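Peer 1: One-letter residues, chain by chain:
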Amino acid sequence: EAGVTQFPSHSVIEKGQTVTLRCDPISGHDNLYWYRRVMGKEIKFLLHFVKESKQDESGMPNNRFLAERTGGTYSTLKVQPAELEDSGVYFCASAGGGNTGELFFGEGSRLTVL
Amino acid sequence: AQSVTQPDIHITVSEGASLELRCNYSYGATPYLFWYVQSPGQGLQLLLKYFSGDTLVQGIKGFEAEFKRSQSSFNLRKPSVHWSDAAEYFCAVERGSYIPTFGRGTSLIVHP
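Chain order of the listed sequences is A and B.
Counting in this note's numbering, the first sequence runs from 107 upward without gaps.
Counting in this note's numbering, the second sequence runs from 6 upward without gaps.
Hints are computed from structural coordinates only; laboratory data are not their basis.
Do not rely on the hints blindly, as some may be mistaken.
Taking lysine-lysine pairs in the BS3-like style, the calculated list, with each CA pair at most 30 Å apart, reads [stated by the list, open to error]:
id: 1; chain 1: A; residue 1: Lys147; chain 2: A; residue 2: Lys160
id: 2; chain 1: B; residue 1: Lys54; chain 2: A; residue 2: Lys157
id: 3; chain 1: A; residue 1: Lys147; chain 2: A; residue 2: Lys121
id: 4; chain 1: B; residue 1: Lys54; chain 2: B; residue 2: Lys66
id: 5; chain 1: B; residue 1: Lys66; chain 2: A; residue 2: Lys150
id: 6; chain 1: B; residue 1: Lys54; chain 2: A; residue 2: Lys150
id: 7; chain 1: A; residue 1: Lys184; chain 2: A; residue 2: Lys157
id: 8; chain 1: A; residue 1: Lys150; chain 2: A; residue 2: Lys160
id: 9; chain 1: A; residue 1: Lys184; chain 2: A; residue 2: Lys147
id: 10; chain 1: A; residue 1: Lys121; chain 2: A; residue 2: Lys160
id: 11; chain 1: A; residue 1: Lys184; chain 2: A; residue 2: Lys121
id: 12; chain 1: A; residue 1: Lys184; chain 2: A; residue 2: Lys160
id: 13; chain 1: A; residue 1: Lys150; chain 2: A; residue 2: Lys184
id: 14; chain 1: B; residue 1: Lys54; chain 2: A; residue 2: Lys147
id: 15; chain 1: B; residue 1: Lys66; chain 2: A; residue 2: Lys147
id: 16; chain 1: A; residue 1: Lys150; chain 2: B; residue 2: Lys73
id: 17; chain 1: A; residue 1: Lys150; chain 2: A; residue 2: Lys121
id: 18; chain 1: B; residue 1: Lys54; chain 2: B; residue 2: Lys73
id: 19; chain 1: B; residue 1: Lys73; chain 2: A; residue 2: Lys147
id: 20; chain 1: B; residue 1: Lys54; chain 2: A; residue 2: Lys160
Note that the structure is a prediction, hence the values are computed from the model and not measured.
Chain A extracted, bound-state conformation (with noise of 0.2 Å):
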């Protein structure tokens, strides 16, 4: 079975520009989370999907951020403009219906904005 997938792996952009990354669940898997980890911090809750929706988008830092689910499969997280405070590494993550607590995790995405 694969794992939550997450692209790119890294990616260095311009403040100003826009970065799109993407994480392909695992199949089946209706919670989708958005996680990102500031170098030599916590690991800080974006957003949290069900299926399509946004269940809890508390976690945003501002309307630079976008995330979609498309019709509740893979799911993408917009940067745009980027900021330099952006850069650190996004977390993808699943989870299975019932709470079992376990959530699967990609291998994130390191954004470096220069």
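Let chain A serve as the given structure and place chain B on it in line with the hints.
Peer 2: The following block gives chain B in isolation, referenced to the frame of chain A:
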């Protein structure tokens, strides 16, 4: 709001030595508690979790953790560390929101 404190940024141990990684949480009720590990180049993987019942929880790779309500702690332990345990370890808590809150992580360095 719930929070998770991992006071140790780095821990260095010799191979074969015992290990304890600390985790404290701040939450009104007893939350669900987790430990995840991130090995280099990989995503986070669940080591173990506590929901209720026995306060000593066994996990994968020989790890265990003990929930202590009086101390609001959920420390991770391993009696004998292997070089392959070198990784970053994250404690997380959740209660009813289906959204775990993570700590800042503890990086484990293992000396031969």
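Peer 1: Take the C-alpha atoms of A/Lys150 and B/Lys73, compute the straight-line distance between them, and say whether it is at most 30 Å.
Peer 2: holds, 25 Å
Peer 1: Checking one constraint from the list: CA of A/Lys150 to CA of A/Lys121, max 30 Å. Satisfied?
Peer 2: holds, 22 Å
Peer 1: Is the hinted pair A/Lys147 and A/Lys121 satisfied, with a Cα-Cα distance of at most 30 Å?
Peer 2: At roughly 22 Å apart (the allowed maximum being 30 Å), A/Lys121 and A/Lys147 satisfy the hint.
Peer 1: Are the Cα positions of B/Lys73 and A/Lys147 separated by 30 Å at most?
Peer 2: Holds, because 25 Å separates the two Cα atoms, which is no more than 30 Å.
Peer 1: For a C-alpha distance cap of 30 Å, please report whether A/Lys184 and A/Lys157 respect it.
Peer 2: holds, 18 Å
Peer 1: B/Lys66 and A/Lys147: Cα distance at most 30 Å?
Peer 2: Given pair B/Lys66, A/Lys147 holds - Cα atoms ~26 Å apart, limit 30 Å.
Peer 1: Taking only the CA atoms, is the gap from B/Lys54 to A/Lys160 under or equal to 30 Å?
Peer 2: It holds: about 26 Å lies between the C-alpha atoms, which stays within 30 Å.
Peer 1: Do the alpha carbons of A/Lys184 and A/Lys160 lie within 30 Å of each other, as the hint requires?
Peer 2: Within the cut-off at roughly 15 Å; holds.
Peer 1: Are the Cα atoms of A/Lys150 and A/Lys160 separated by 30 Å or less?
Peer 2: Holds, at about 17 Å.
Peer 1: Under the criterion that the straight-line Cα-Cα distance not exceed 30 Å, is the pair B/Lys66, A/Lys150 satisfied?
Peer 2: Roughly 26 Å separates the two Cα atoms, so the pair holds.
Peer 1: Could you grab the alpha-carbon distance between A/Lys150 and A/Lys184 and see if it respects the 30 Å cut-off?
Peer 2: holds, 17 Å
Peer 1: Within 30 Å, alpha carbon to alpha carbon, are B/Lys54 and B/Lys66?
Peer 2: With a Cα-Cα distance of about 14 Å, the restraint between B/Lys54 and B/Lys66 holds, given a limit of 30 Å.
Comparing the model with each earlier hint shows no violations; every hint is respected.
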